[in-house]
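Visitor: As a plain string of letters, each chain reads:
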Amino acid sequence: MLQADEQEWLVLGLAGAATVVLALALLVGSTTLLPWPLVLLGAAYGVDLAGGGVDQWAPVYAGGFVAIAELAYWSLELRGRAEDVERLTERRAGLIVALAIGAVALGGIVLAATSLRLGSGVLLDGAGVLAAIGALFVVALAARRA
Amino acid sequence: MKRTAAPKLGAYAGLAALALLAALVLGRPELVVLAAPFALLLFVGLASSRQPDFLVALTLDRDRAVEGDEVTVTIDLEARTPIERLELHVPLRDGLEIVEGASPLTLHLGYGEERTIVLKLRCARWGAYVVGELFLRAHDRIDLFAYEGTLDRRTPLKVYPRAEQLRSLVFPLETQVFTGNQVSRAKGEGIEFADIRVYEPGDALRRINWRASARRGELWVNESHPERNTDVIVFLDTFVEARQEQESTLDLAVRAAATIADRYLERKDRVGLVSFGGYLNWLLPSSGLVQLYRIVDSLLDTEIILSYAWKDVDVIPPRTLPPKALILAVSPLLDERAVTTLLDLRGRGFDLAVIEVSPIPFTSPAEGEREELAWRLWRLKREALRGRYERVGVPVVEWREGVPLEGALAEVGAFRRQARLARA
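Respectively, the protein sequence lines represent chains A and B. So the first sequence is residues 1 to 146, counted in this note's numbering. So the second sequence is residues 147 to 570, counted in this note's numbering.
Keep in mind that a hint or two might mislead.
Unchecked claim - Just the calculated beta-carbon pair ranges, DEER-fashion:
hint: 1; chain 1: A; residue 1: TRP57; chain 2: B; residue 2: LEU170; range: 14 to 24 angstroms
hint: 2; chain 1: A; residue 1: PHE137; chain 2: B; residue 2: THR205; range: 42 to 52 angstroms
hint: 3; chain 1: B; residue 1: ASP222; chain 2: A; residue 2: ARG91; range: 17 to 27 angstroms
hint: 4; chain 1: B; residue 1: GLU279; chain 2: A; residue 2: PHE137; range: 38 to 48 angstroms
hint: 5; chain 1: A; residue 1: VAL20; chain 2: B; residue 2: THR205; range: 44 to 54 angstroms
hint: 6; chain 1: A; residue 1: PHE137; chain 2: B; residue 2: ARG149; range: 16 to 26 angstroms
hint: 7; chain 1: B; residue 1: GLU243; chain 2: A; residue 2: TRP57; range: 54 to 64 angstroms
hint: 8; chain 1: A; residue 1: ARG91; chain 2: B; residue 2: VAL245; range: 21 to 31 angstroms
hint: 9; chain 1: B; residue 1: LEU435; chain 2: A; residue 2: ARG91; range: 50 to 60 angstroms
hint: 10; chain 1: B; residue 1: ASP222; chain 2: A; residue 2: SER30; range: 36 to 46 angstroms
Claimed, not checked - Which bits of chain B does chain A cover? Going by a derived footprint, with three or more residues having C-beta under 8 angstroms, they are:
hint: 11; stretch: 171-177
hint: 12; stretch: 227-240
hint: 13; stretch: 245-251
I should point out that these hints are in silico values taken from the structure, not numbers from a laboratory. Backbone N, C-alpha and C define an ideal beta-carbon position, used for all residues, glycine too.
Sequences are here, hints too, so could you generate the full structure?
Guide: Okay, structure coming up:
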């Protein structure tokens, strides 16, 4: 179990590392590096959550994560890109804003759903694992069909 | 079109899976909240991914142009499915430049939308081009997939060499038997007065010179120089070229060859072509507009093909070089094979003149004492080569970009006049 100041330093360290990796990924233009800042930020958030109650700001963080990911990928896409015949920049920026807002809304719904008291136990945990696997299965099925 | 997954697809799937797993292990619902948007984006992107369907047509406003002209390329697009982002690229060879419009470009097409893209190209260099191989890449709304493909809408475009200024020509020493614009040295039926002679049975009465006949007390008739055509062979040296950036001696040589062919064909002369280099190409002498197009189309394919094989005049088909033809050679005189062949032609009695497309403007100035000396020696060697030609009666005139071709041909005429006086 981490002490409070140790936890704080760990969170700051992970957030700093995430910033450095993001900057590096944007500098060298590497799409391979881009998910890792988000993983580090997620880890920092997870460490920050330790020992506390349910964070009501989680949906806002979800929106932020989506915005960071979309903006980072868009930044790499714009390099050496063809000339826009029309206002595609505004269109894309609007889409990212909409996705971020949508992520906040969805996060709020998911968080609200998690506040339902359904009890606890191995069965419920197993149902959770099955639901997670099921979600990934659905995604894989959709990928195969597409 | 081939579908490829964008890097985002794997990244979002990994992030969602990692966050879900962490949520289960750590028992934190907040991590599910973080994973949910990525999982949903993934699901929506995969479920809605569709092969884009659209029609593309490409047209050129003309299929023939002259150097310096502008040609308009029109690309008509019709989307049968909405395309969030379509990247379109029309690759162009060196020699064609975009002056209006852009390639590559990106656009959005809604369902059923029709769009016209206009590109204006400047034909910077002569040649045979093919325009219309389109590279396309379509992205879906969430940019998880890209659809790439190539469409073949190729349309030929011939860019002819621009004509150099040329009003007066070099006249061959001998004419041929057909009617043309060249006043022949022979005597016969014609317009230009040549001589008078005693009447012979069969002479036309309208040719009787009554004044001379009255003075001499017997019938005398006028003789004229007939107008005849000539045979001209344009001999293009394509062994090597001197090049600097976008321009080379070959570009100038082809323009000169096209201009010379055009002017002689205008006079009803027969013109042939020999392209002598790594790749031998020839056209038998003929006249008329069709021959001009044959020659110019043949010139469009001219290029330097590296070859170490020794070639001489024996590889040229004999019918390509008719007797009494004027051979106008256009050459930078850089390759020994071309130099030797031209001297050989002169040795076989052909009427020959050489337009030397000077490689000097395409060379960089020498830096350093040794390099300066080498450069001077090279120029002296070229002077000596010109002297070698002139000693056997072949005029060699130097021609450069910016100097009228007419001036060069006038020098040929001056050399031949001087040579005639020297012989007399």
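Visitor: Give a verdict on every hint.
Guide: Quick rundown of the hints versus the structure:
1. Between TRP57 of chain A and LEU170 of chain B the beta carbon distance is about 22 angstroms. The supplied range of 14 to 24 angstroms therefore holds.
2. At about 50 angstroms, the CB distance of PHE137 of chain A to THR205 of chain B agrees with the hint of 42 to 52 angstroms.
3. Evaluation of the 17 to 27 angstroms hint for ASP222 of chain B and ARG91 of chain A yields a pass: the beta carbon distance comes to about 23 angstroms.
4. Between GLU279 of chain B and PHE137 of chain A the Cβ separation comes to about 43 angstroms, which falls inside the hinted range of 38 to 48 angstroms.
5. Hint check: VAL20 of chain A to THR205 of chain B, Cβ distance near 53 angstroms, so the stated range 44 to 54 angstroms holds.
6. Between PHE137 of chain A and ARG149 of chain B the CB atoms are about 22 angstroms apart, so this pair conforms to the stated range of 16 to 26 angstroms.
7. Evaluation of the 54 to 64 angstroms hint for GLU243 of chain B and TRP57 of chain A yields a pass: the beta carbon distance comes to about 56 angstroms.
8. In this structure the supplied range 21 to 31 angstroms holds for ARG91 of chain A paired with VAL245 of chain B, their Cβ-Cβ distance being about 28 angstroms.
9. At about 54 angstroms, the CB distance of LEU435 of chain B to ARG91 of chain A agrees with the hint of 50 to 60 angstroms.
10. Checking the proposed 36 to 46 angstroms range against ASP222 of chain B and SER30 of chain A shows it holds: the Cβ atoms sit about 38 angstroms from each other.
11. Remark: the stretch 171-177 of chain B is confirmed as covered by chain A, as 5 of its residues place a Cβ nearer than 8 angstroms to a Cβ of that chain, reaching the required three.
12. Judged by the Cβ-Cβ criterion of 8 angstroms, the stretch 227-240 of chain B is covered by chain A as claimed, because 4 of its residues qualify and three suffice.
13. Counting residues of the stretch 245-251 of chain B whose beta-carbon sits less than 8 angstroms from any beta-carbon of chain A gives 4, enough to reach three: the coverage restraint holds.
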